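Starting from the given sequences, assemble the full structure and let the hints guide the process.
Its first residue numbered 118, the sequence shown is counted upward by one per residue in the numbering used here.
Among the hints, a few may not be true.
In the DSS-like style, the derived pairs of lysine-lysine whose C-alpha atoms are separated by at most 30 Å in a straight line are [unchecked claim]:
1) 271 with 199
2) 199 with 297
3) 188 with 199
4) 271 with 205
5) 175 with 297
6) 205 with 326
7) 175 with 188
8) 271 with 174
9) 205 with 174
Across the chosen pairs, the derived CB separations fall in these ranges [to be verified]:
10) 217 with 253: 18 to 26 Å
11) 297 with 216: 36 to 44 Å
12) 281 with 140: 16 to 24 Å
In short, the hints are calculated from the structure, not lab data. As the structure is a prediction and not an experimental result, all values here were calculated from the model. Idealized CB from N, CA, C, for every residue including glycine.
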Amino acid sequence: YSKRWIVHNNAQRFQEILHIWSEVCYCAILYIAVMGLYLWSIQHACGMYSIVSYRLKKLRGTSPTKRHDSKMMLDLVNVVAKHQAAIKYTDVVRETFGRLFYALHLGSLACLSLMLLALLLSYRTSSTISILRTLASGAMFFQYMFYLNYGGEKIIESSNQVFLATYYVQLDTLSTDARKFLLMVIMRSSRTNNLTGGTITLSFENYTKIINRSWSFATVLLT
Numbered sequence: 118y119s120k121r122w123i124v125h126n127n128a129q130r131f132q133e134i135l136h137i138w139s140e141v142c143y144c145a146i147l148y149i150a151v152m153g154l155y156l157w158s159i160q161h162a163c164g165m166y167s168i169v170s171y172r173l174k175k176l177r178g179t180s181p182t183k184r185h186d187s188k189m190m191l192d193l194v195n196v197v198a199k200h201q202a203a204i205k206y207t208d209v210v211r212e213t214f215g216r217l218f219y220a221l222h223l224g225s226l227a228c229l230s231l232m233l234l235a236l237l238l239s240y241r242t243s244s245t246i247s248i249l250r251t252l253a254s255g256a257m258f259f260q261y262m263f264y265l266n267y268g269g270e271k272i273i274e275s276s277n278q279v280f281l282a283t284y285y286v287q288l289d290t291l292s293t294d295a296r297k298f299l300l301m302v303i304m305r306s307s308r309t310n311n312l313t314g315g316t317i318t319l320s321f322e323n324y325t326k327i328i329n330r331s332w333s334f335a336t337v338l339l340t
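Below you can see the structure in the form of structure tokens.
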């Protein structure tokens, strides 16, 4: 803390505390804004996939006598366009948060490993206060990583729902042209869309890997 920033020597301690709290509040606001944008993006992407799945499910049990082929073709064209928009939006979310995901993954892995190490050391020394403090800090990190990977898992589930809805459409009630459009949706939805950061795919599987690796690193450091 530079002395040039001190307004008065008598208020130095107060100014330092005020400066620290200002930085903490700024980081908290920035964190809430980024996480809010991330969760809103996930919700919007899942909503787009849900719309596609719902429109595909409405095609079940249709009959040419009850529904004209021209209207069905128009519905399928809209489904293909909506599905393409959902895929592009997921790519935008991946490109926007990809580097952040990778940095948070590495940082959280290191922090969780050190916290588990501190927990093991506190357990050895039977320090109740240290154990409770470490558990509280570790719970916050575990909860944060859970929500981060929960968003990736929701994207995977939503994209898979499109494939399942397409797979169970009654093809015997569709015309040849409609089947071609449906085949296009099947081919696109066969590749699961996900959120990645580098080589890391956000999912519940990745969440369990983080816990296992953190525990492994902590035991290695302890030994």
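**Which numbered hints fail** = 12
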